[in-house]
Amino acid sequence: DVKVTQSSRYLVKRTGEKVFLECVQDMDHENMFWYRQDPGLGLRLIYFSYDVKMKEKGDIPEGYSVSREKKERFSLILESASTNQTSMYLCASSYDGTSDYNEQFFGPGTRLTVL
Amino acid sequence: AQSVSQHNHHVILSEAASLELGCNYSYGGTVNLFWYVQYPGQHLQLLLKYFSGDPLVKGIKGFEAEFIKSKFSFNLRKPSVQWSDTAEYFCAVDKAAGNKLTFGGGTRVLVKP
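Same order as they appear, the protein sequences are chains A and B. In case it helps, our numbering puts the first sequence at residues 1 to 115. In case it helps, our numbering puts the second sequence at residues 1 to 113.
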């Protein structure tokens, strides 16, 4: 079974703090993704990475950065947290095969509250 | 920009009722289509997917979806729901081989026992 884990289920931070969200997958997947999930908006892609040290902006990258130093780990960084970044953050990973599209597997999510 | 619309935000129905959730997308090229489900307190998981071939695809737990290319739609159906189908359902679209998903806003389904 593919397992995607996220470092915290719940996190409370103050405005202006630097926040790190960690994601680890155990299936040697090449691709990793960070989404935020907000009611009525579904999931929106923040950043993704298709290889170690490689990253691409998603649809809403502003206010976020990412780091991928090892294949199994993908970190999302909020340099200076703001209240509008209060959300559920989901990490996902997928295999980068050459044939059929490969399913994305999701972690349990981190509910971040910025006060 | 590619967008995905789910027609209903909330659906409430009784056990044994039939369910149909609408999904439309705006991208005109070749797409891969997905329905994901998130049960209360659980991870988002894949319900079914369409890449090519038969436009009627069957997924887990008795769900199916029909791709109608002319209508840019991929509606999800289940003939008879159970209380355990209470969840949030997300439609997602990817341009072929892009591996980047665009999600709809989600539909919360509540099945009354």
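Don't read these hints as lab results, they were simulated from the structure. One thing to keep in mind: the hints can contain errors.
List time: in silico DSSO-like cross-link candidates among lysine-lysine, alpha-carbon distance up to 27 Å [unchecked claim]:
#1 Lys100/B x Lys71/A
#2 Lys3/A x Lys58/B
#3 Lys61/B x Lys53/A
#4 Lys58/B x Lys55/A
#5 Lys58/B x Lys70/A
#6 Lys100/B x Lys3/A
#7 Lys3/A x Lys112/B
#8 Lys3/A x Lys71/B
#9 Lys61/B x Lys71/A
#10 Lys49/B x Lys57/A
#11 Lys69/B x Lys53/A
#12 Lys100/B x Lys55/A
#13 Lys95/B x Lys57/A
#14 Lys57/A x Lys100/B
#15 Lys61/B x Lys3/A
List of violated hint numbers, smallest to largest: Violated hints: 3, 4, 5, 7, 8, 9, 11; rest satisfied.
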